[in-house]
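Asker: Fit chain A to the known structure of chain V by using the hints.
What follows is the residue order along each chain.
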Amino acid sequence: MAKLMDIARVVRGKNAGALQLTLDVMFEDEETYRKVRDSGVLSPRTIAPLYGVTDNEVAIIPFDVAKAIKITVPRRIRSGSPGDTDVYGAQQHVPLMQIDLPD
Amino acid sequence: MPPIKLMATTGILGYGFTEEAFNAGVAMKPDLIACDAGSSDPGPHYLGSGTAFVSRAAAKRDLELMVTAGVANGIPVMIGSAGGSGSDAQVDWTLDILREICAENDIAPKVAVIRTEQSKDLLHKKLAAGKISPLGPIGELTDKDIDDASRVVAMMGPEGYQQALNEGADVVIAGRGTDAALFAALPLMKGADPGLAWHLAKIIECGAQVVEPREGQDCVIGTIYDDHFTVEPGHPDRRCTVTRVSAHTLYENPEPYRLKEPDGTLVTDHCSFEQLEERVVKVSGSRYEPADQYTVKLEGARPVGFRTVFIAGIRDPILIDGIDDFVTSCRARIARDVGALGIEPADFTLSVHLYGKNAVMGELEPEADGPIHELGLLLDVLGRTEDISRAVLAKSRYAFLHTDFPGRMCISGNLAIPFSPSDMHVGAVYEFNVWHLMSCDDPMECVRMEWIEPEEVRSWRN
Chain V
1 MAKLMDIARV VRGKNAGALQ LTLDVMFEDE ETYRKVRDSG VLSPRTIAPL YGVTDNEVAI
61 IPFDVAKAIK ITVPRRIRSG SPGDTDVYGA QQHVPLMQID LPD
Chain A
1 MPPIKLMATT GILGYGFTEE AFNAGVAMKP DLIACDAGSS DPGPHYLGSG TAFVSRAAAK
61 RDLELMVTAG VANGIPVMIG SAGGSGSDAQ VDWTLDILRE ICAENDIAPK VAVIRTEQSK
121 DLLHKKLAAG KISPLGPIGE LTDKDIDDAS RVVAMMGPEG YQQALNEGAD VVIAGRGTDA
181 ALFAALPLMK GADPGLAWHL AKIIECGAQV VEPREGQDCV IGTIYDDHFT VEPGHPDRRC
241 TVTRVSAHTL YENPEPYRLK EPDGTLVTDH CSFEQLEERV VKVSGSRYEP ADQYTVKLEG
301 ARPVGFRTVF IAGIRDPILI DGIDDFVTSC RARIARDVGA LGIEPADFTL SVHLYGKNAV
361 MGELEPEADG PIHELGLLLD VLGRTEDISR AVLAKSRYAF LHTDFPGRMC ISGNLAIPFS
421 PSDMHVGAVY EFNVWHLMSC DDPMECVRME WIEPEEVRSW RN
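Chains V and A, in that order, are what the protein sequence lines are. Sequential numbering from 1 applies to the first sequence in this note's numbering. Sequential numbering from 1 applies to the second sequence in this note's numbering.
Fair warning: there could be bad hints in the mix.
As the list claims (entries may be wrong) - Here chain V is said to cover these stretches of chain A; the calculated rule only asks that three of the stretch's residues, wherever they fall, bring their Cβ under 8 Å from a Cβ of chain V: (1) 34-47; (2) 130-139; (3) 234-248; (4) 327-337; (5) 357-363.
Hints were generated in silico from the structure; no laboratory data involved. Glycine included, every Cβ here is placed at the ideal spot set by N, Cα and C.
Chain V with its partners taken away, still in its complex shape (with noise of 0.2 Å):
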C-alpha cells in the first residue's frame, strides 16, 4: 500500500493568516491527482483526527488546473501564541504525507 507521500510531488503547509493551517497536495499528473481526488481519502473524517480538530472544521477542495488538493483547518494555538511550536505552520504537513492510500 503507497502513502501520499511516495505519489505526490508536493505535501505543503502553511498559515493562512494567524488563524488557520493550509495544507496543500499536488501532484505531477492528471492520472495520479484524479485517483486521490476521487478516492475520497482525503476526506474531513480521515484528517480532522490527525489535526486534533472536528469534521465540520476541515475544508477540502480540490484545484484541478494545478492538479492540487487544499486542507484547511483551524490551528489549535494562534500563530506565535504561548504554546504554539511552529510560528509560520511550515511543519505541520507531516501526518498527510503517511496516509495510506488505497490500491
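Answerer: Chain A only, in chain V's frame:
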C-alpha cells in the same frame, strides 16, 4: 487600453533579488516598481513591538536599488506594508532608510506616506456601532481587546495608492495593505478589467514564487492587456510555468478559487493558463465580484509577557530512558524553588520542548515511539515581568542540570549546554488578539495620507 507593466521586485522588501533580474526588468520599462514588505507569518511580535523582521541593511539594499532606478527612469516606486506589519513605527523605520538613501544618492523624489494604524477611539466607535466582526475562528472583538492591543493596523485596499499615484508621488511608503492592492491599484485606475488586475496582482505579489528554478527571491514582471495578462521573470535564465503560476493562488490562502479583497472577491474558477513562450505564462478568465460592503481586515497584537529561553543537549541514555518522569520531577522542583522567591504559578508559564521527541507535532505526532539517542532541550519561560522571566528560567536551568533521576550516573550534570551565557532574553512577547473585519463607509476612512515634497527631501542631505 495600452498594456500596463508592473514589476514586483521580491516577495518581501529585504528578502533580496538579483541585480541581473532587476536591471532586465527596468529595461522593459515597467509602469511601476513595487514590493510588499509585509507578512503576518513571522508572528505577532513584529506588529506588537513595531519592529521589522528583516535587517535594516537588507531593507536598505533592496529599497536603494528600487528608488534610484525609479527616480532615474521616472517610474513610481511603491512599498506596501512597510516594515513588515505596516504600523506607524514601521513606516517611520522605512522612511528613515529612505531618508538615508535620498541623501546618499543626491535624489529628491516626491514622497507619499500612507498610514493605516488605527486609533483606539475609532475602533471603540466602530465596535459600538456593530461594524466589526470576526475573521475566521476567533471570538467577537471586545473593548478590552482594543485597549489591550499595543497596535492595530487596517489592511487597506488600492485607494490610498491610487490617490498617491494620481497626485504625482515618485515614491510611496505605505502602512498595512493587502498584498494585491499594491499591484492592482495602478491597472484599476487606468481602467483595466478588475478580475485580471486583481489576479495579476495576487500572482506577482510574492515575487519569484512563480519562477523556476526556485533559487530564492527575485523580480517578476506582469503585463496586463484588455482580455488577459502575462507573467514572466525578470531574470533571463529563469522562467514562469503554468504549474507554478496556476498553483500560486493556493499559496497561503484558505481557498484557491475565491480571494477576498476589501471591495470584492477575485474568482479564479474559470481561469485558463497557457504557456505563451518558454518563459511567459498567459492567464485569462479571472473575474471580480464586487462586494456590497467595503471591509478592511484589522490586525492587532497585545503584550503577554517576557520570554527567556535556554537550549541544551541531552545525551545520557539512562536519562533519555526516563525523560518524561525527569521532566515531571524538574517541574515540581522549579515550582518549589521559584515559590521561595515569591513568584506565583500564575506569574509565568514554563514550556519544555524536547526536540527529537515530538517537539514539533506534539500530541499529533504520527511516529511518537521511535528510538532516540539524543534530545534537544528547549526551556521557554514566559513571565509576567522581565525579572520573573529571568528568575524562573535560571531556576529551571539549574533544576534540569542537577535534578537526580533513577539510575543516574552523570551526577555532575545532566545537560550539554552550548553557550555561555546560557540564558537568552527575548524580551516582550505578544499575541494576535485582533483578527477581525471592519466595515467602512468610505475606503479612505482608515487611511491617512502625508506628503514629503522634494524641497524637504533635499534638506535631508544636510
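Asker: So, for every hint listed, does it hold in this structure?
Answerer: Checked hints:
With 6 residues bearing a CB less than 8 Å from a CB of chain V, the region 34-47 of chain A meets the requirement of three and the coverage assertion stands. Requiring three or more residues with a Cβ within less than 8 Å of a Cβ of chain V, the coverage given for the region 130-139 of chain A holds, as 4 such residues are present. Coverage of the region 234-248 of chain A by chain V holds in this model, with 3 residues showing a Cβ closer than 8 Å to a Cβ of that chain against a need of three. Counting residues of the region 327-337 of chain A whose C-beta lies closer than 8 Å to any C-beta of chain V gives 0; at least three are required, and the coverage claim is violated.
Closer than 8 Å: that is the beta-carbon criterion, and the region 357-363 of chain A has 5 residues meeting it against chain V, so the requirement of 3 holds.
Hint compliance for this structure: hint 4 is the single one not met.
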